[in-house]
Amino acid sequence: MAKIGDIDVGEFPLLLAPMEDVSDPPFRALCKEQGADVVYTEFISSEGLIRDAAKSVMKLDIYEKERPVGIQIFGANLESMLESVAIVEKSGPDIIDINFGCPVKKVVSKGAGAGILKDIDLMVSLTEAMVKHTNLPITVKTRLGWDHDSIKIVEVAERLQDVGCKAISIHGRTRAQMYKGEADWKPIAEVKNNPRMHIPVFGNGDVDSPEKAMKMRDEFGLDGAMIGRASIGYPWFFREVKHYFETGEHLDPPTMAERLDAARRHLQMAIDWKGDRLGVFETRRHYTNYFKGIPHFKEHRMRMVTSDEAVDVFKAFDEAEKEFGDFQFTR
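With full-length UniProt numbering applied, the sequence shown corresponds to residues 1 to 331, in that order.
Don't read these hints as lab results, they were simulated from the structure.
A few of these clues could be false.
Simulated pairs of lysine-lysine, PhoX-like, Cα-Cα distance not exceeding 25 Å [to be verified]: (1) LYS3 - LYS292; (2) LYS215 - LYS186; (3) LYS212 - LYS3; (4) LYS152 - LYS90; (5) LYS65 - LYS3; (6) LYS118 - LYS186; (7) LYS274 - LYS242; (8) LYS152 - LYS215; (9) LYS132 - LYS180; (10) LYS90 - LYS118; (11) LYS118 - LYS106; (12) LYS3 - LYS55; (13) LYS186 - LYS152; (14) LYS180 - LYS118.
Just so you know, these numbers come straight off a predicted model, no measurement behind them.
Kindly generate the complete structure, drawing on both the sequences and the hints.
See below:
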């Protein structure tokens, strides 16, 4: 059984990755219902938090039904990160996660996210200071290294553990790779197989089928899988992986009724949380996967992703139900 600090997260837990404009409370709720063991917020700027920026503060919203839930923050300034910890604690998360892996230029250019992979000493000292600054378990999400020539993840993980990090999630790409090519899980397995490591080591990157999740567990021996892109618009991925683990068989895909129900609930929760404009806009990216595999669906999907008014999106759902309500999805 994997434990993050004193939190029992189960045998080979499935974690919802922190994804900007994706891992918000509405989507986390859907993933939790479908079997996600641990969920993380979108990543939150420490500088935004200490300046009380509305978008950053809003991301601190968490709910009891999500637990265990982690709030993820990023930054490279020690003072700002420590100030943000005090702010985060007031939201009552179970875990505080540090993002040392985001490859986006605007984050990296400030030395944060994957940018800190250029300065491992700073990465370690910042983690140590945060561990000492809170009683909540501190975890880290990172990448293999800055580029292929600077992969030292076994050493980095060991040093992070030694200063009090309670778990580490590793994306199997370097920053230079961004999201291109295949994720390499071998270096993550090397971290896990290091006899000095005793904290959970979670794998991330390209877990897009139950078979790959099983491979990460059985062949690479990792402690859990962090799921990102495979869950966007498809929260059922978590239950499908668990069903496959239990039976060795694929679960039937969700029906059209299930997909429509999830899409409607997702949109309504997003509107309730963010307001009409943002609620409509930020759920758009999910609709392609919600309704993937339906022939001649383009006209309906275009209405869903181009309508600016919630009433029009709900109407598009209703029209899709009338035309495709009996559609049978296949694996």
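The hints, checked one at a time:
Between LYS3 and LYS292, the direct Cα distance comes to roughly 36 Å. Violation of the 25 Å bound is thereby established for this hinted pair. Distance check on the hinted pair: LYS215 and LYS186 sit about 12 Å apart at the alpha-carbon level, within 25 Å; holds. Between LYS212 and LYS3 the CA atoms are separated by roughly 22 Å; this keeps the pair inside 25 Å, and the hint holds. Annotation: proposed proximity of LYS152 to LYS90 is violated, straight-line Cα distance about 35 Å (limit 25 Å).
For the suggested pair LYS65 and LYS3, the alpha carbons sit about 19 Å apart, so the restraint of at most 25 Å is met. Between LYS118 and LYS186 the alpha-carbon distance is near 22 Å, which keeps this suggested pair within the 25 Å criterion. For the hint pairing LYS274 with LYS242, the CA-to-CA distance comes to about 31 Å; that exceeds 25 Å, so the pair is violated. For the hint pairing LYS152 with LYS215, the CA-to-CA distance comes to about 24 Å; that is within 25 Å, so the pair holds.
A threshold of 25 Å between alpha carbons decides the hint, and for LYS132 with LYS180 the separation of about 36 Å lies outside it, so the pair is violated. Using a Cα cut-off of 25 Å, the hinted pair LYS90 and LYS118 is violated, with the two alpha carbons roughly 32 Å apart. A distance of roughly 16 Å separates the Cα atoms of LYS118 and LYS106; the hinted pair therefore holds under the 25 Å criterion. Note on LYS3 and LYS55: the hinted pairing is violated, with a Cα-Cα distance of about 31 Å set against a maximum of 25 Å.
Between LYS186 and LYS152 the CA atoms are separated by roughly 13 Å; this keeps the pair inside 25 Å, and the hint holds. For a cut-off of 25 Å, the pair hint linking LYS180 to LYS118 stands: about 20 Å separates their Cα positions.
Hint check: violations occur at hints 1, 4, 7, 9, 10, 12; the rest are consistent with the structure.
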